[in-house]
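S.K.: The chain contents come next:
2 protein chains.
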Amino acid sequence: MPGREFTFVVDAVEEHARAGTFSTPHGVVDTPAFMAVGTLATVKALDPAELEAMGAAMILANAYHLHLRPGDALIRDLGGLHAFMGWPHPILTDSGGFQVFSLASLRTVDENGVDFRSHIDGSSRRFTPESVMQIERNLGADVIMQFDHVIPGQSDYHTARDASERSIRWLQRCTRELARLERDDPLDRDQTLFPIVQGGIHEQLRQEAARAIVESGDWRGFGVGGLSVGEAKPEMYRMLEVVNDALPTDRPRYLMGVGFPEDLVEGVKRGIDLFDCVAPTRMGRNGAAFTVDGRINIKRAEYRIDTRPLDEECDCAACRRFTRAYIRHLFVADEILGHRLLSLHNVHFLVRLMRLAREHIAAKTFGGWSRDWLARYHSRPTISA
Amino acid sequence: MPGREFTFVVDAVEEHARAGTFSTPHGVVDTPAFMAVGTLATVKALDPAELEAMGAAMILANAYHLHLRPGDALIRDLGGLHAFMGWPHPILTDSGGFQVFSLASLRTVDENGVDFRSHIDGSSRRFTPESVMQIERNLGADVIMQFDHVIPGQSDYHTARDASERSIRWLQRCTRELARLERDDPLDRDQTLFPIVQGGIHEQLRQEAARAIVESGDWRGFGVGGLSVGEAKPEMYRMLEVVNDALPTDRPRYLMGVGFPEDLVEGVKRGIDLFDCVAPTRMGRNGAAFTVDGRINIKRAEYRIDTRPLDEECDCAACRRFTRAYIRHLFVADEILGHRLLSLHNVHFLVRLMRLAREHIAAKTFGGWSRDWLARYHSRPTISA
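From first to last, the protein sequence lines stand for chains R and C.
For the record, in the first sequence the residue sitting at position 265 is 265 according to the numbering used here, with numbers rising by one throughout.
For the record, in the second sequence the residue sitting at position 181 is 1181 according to the numbering used here, with numbers rising by one throughout.
It is possible that part of the hints are untrue.
Sample of chain R residues with no beta-carbon within 10 Å of chain C, all distances over it, derived [unchecked claim]:
{"hint": "1", "residue": "T42"}
{"hint": "2", "residue": "Q134"}
{"hint": "3", "residue": "A317"}
Output of the computed footprint for chain R on chain C, the stretches with three or more beta carbons under 8 Å from beta carbons of chain R [said to hold, decoys possible]:
{"hint": "4", "region": "1068-1082"}
{"hint": "5", "region": "1359-1373"}
These aren't lab readings, by the way, just hints derived from the structure by calculation.
In this text, a Cβ means the ideal position worked out from N, Cα and C, and glycines have one as well.
Let the sequences and hints guide you as you build the complete structure.
M.R.: In structure tokens form, the structure reads like this:
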């Protein structure tokens, strides 16, 4: 039975926050957890050994990007994503839904699928729930996301309902196609399909989507999509509360594309177990570093002779060895090591933040800790990167 | 007495090739050795921990570049180059002679020094032997090179003599200024000044320069400059033989700005102990990798499904873990990890090559080994990067 190697045990709860253990064929993920994004089978600027060293348990890769380059069939021929990128630990692939719908002027959607043009060479392409299952199967990640219809965060009720209902129909097609592939083209790998709860910022649609999905299968976990895409933060938090009430507590919930440190803490508080976001590496390449006192931009002149580490409470490989003055110099001189160190620090910051949250949930101190943590993080005006 | 912490012991010789131990205040360098170039206080794309792990003992940094950015006075305030860049091992600084003379149209030279314009902002600057000593003292490397007058490789006898004699006069001024600084502005560091033997491709000038320098002081080592700057390879090899005969055998000889794997082997054969070059990192960022069978360009389509490591005999952190197919993908997708892995591999290749040369000198097998090594390396037509 597909998915048999995936289990989730809730080790501790404090109000809605949960500490869990998510087991996959490639290892165990202690939750809550942040997944670094390896868009093109590499977490930008980082080496897999650095991710291992910081305790990152699971990473994400993008079906859309890997389909275009180097091609999912090639990756299959080379033994799948784990072997290809030298990451023998859990991997999740996004379905490309977010990417193709981000190509606003380059795509057209119909009930059967989406026509779009490659952002690399402009060539015509088509994704359907069936073709995406073939791609994600070729890539061979542990958790594969359904192909879904993603819409802007402020979409009206009608648009959101249309997209949510289409996503649920596409989930059924993904399920059927995956079963067919497992029968007709067996591979020595166990993958599990996560559905995605859509519904925009409309409470009723979120409830209906969650209910329909839960009733349609024995899922090993659930994605929560279409958030952090332009809606206000309170709207996002409200949707998380609605979804938290509607989903079973004995399965992991993955909030897609989120996010910033404060979003992770707010998400954990509302029952989320898994997160991913390009923010730590993208911002790191732009010179922005997370600290417990808020975000800093290392390129600013004030850090020229600052001999402190990026974050005085951080134990990452950058903060243990290098000063702000040195890292600022690397950025001013446009040196790759600067990009490396800030990417490493930022991913470590989120991985460690989720480890701390887990410890506090286990100790039943998450409520106070998260309140204090958020207050301190917000106490310094954030400087845009 | 300045320089007292620098010693050189010749552990073994085979014809002109030497295996030695060069001791500095920041540690010991087994020679022959390749120094990776950290132009701006970072070996491009690499972390100091990676250099340590591959056994790199000593690196080079550039006085010219660091004077302009972030400034040698700032680095002094921050504890010197070792502390600034997190490299507690031996460092050598180039004097900027090569850099300012490379700025052909931007500089004018007179007996007192060189006027030039910064390549960054066009501002007017002046280097003299005295100002360069102040800069290198501020930076605080173990070995500091004299300020010299560098000329193109094919320069005629008159031009080469003029520059060589000026370099010797500038050496005397460097010596006096360094003594003055050590007296008037004592610092808790021991540095040693290496003279540079110039003379272009003119045998007699090289002999005269070596003789004049040897007679003028008790140097702890010697630089050999003005080679690999446009002259033919046989001319360079001939000059190395002349200099080898003219310099004392009980001091290390450093061939500046060289080079490629074959140049290192040819240099060791002619009595050279230390080398530096940007080639491994610069070529690495362009997709070129050294292998025992010659140079390859990883971007070529032939490596698309090649599951071998870059070099099947290499034990570097890239070759132990990643295929050519994956690294090619990283380059096609312009991912930083590609630049990292090829830079790491290429520097490791040269560091290991010198380690192998040392072992063969000690075993008295260098002659046959180097002949076989060169024949194999040249057997594959080199593909330009």
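S.K.: Now tell me, hint by hint, if it's right for this structure.
M.R.: Okay, the hints, checked on the actual structure:
Its closest Cβ contact with chain C, about 5 Å, brings R:T42 to no more than 10 Å, contrary to its assignment away from the interface. The claim that R:Q134 is not at the interface with chain C holds, since no C-beta of that chain comes within 10 Å of its own (minimum 20 Å). Against the 10 Å criterion, R:A317 falls within the reach of chain C, whose nearest CB is about 8 Å from its own CB. With 5 residues having a beta carbon nearer than 8 Å to a beta carbon of chain R, the region 1068-1082 of chain C meets the requirement of three or more and the stated coverage holds.
Interface restraint, the region 1359-1373 of chain C with chain R: violated (0 residues with C-beta to C-beta distance below 8 Å; minimum three).
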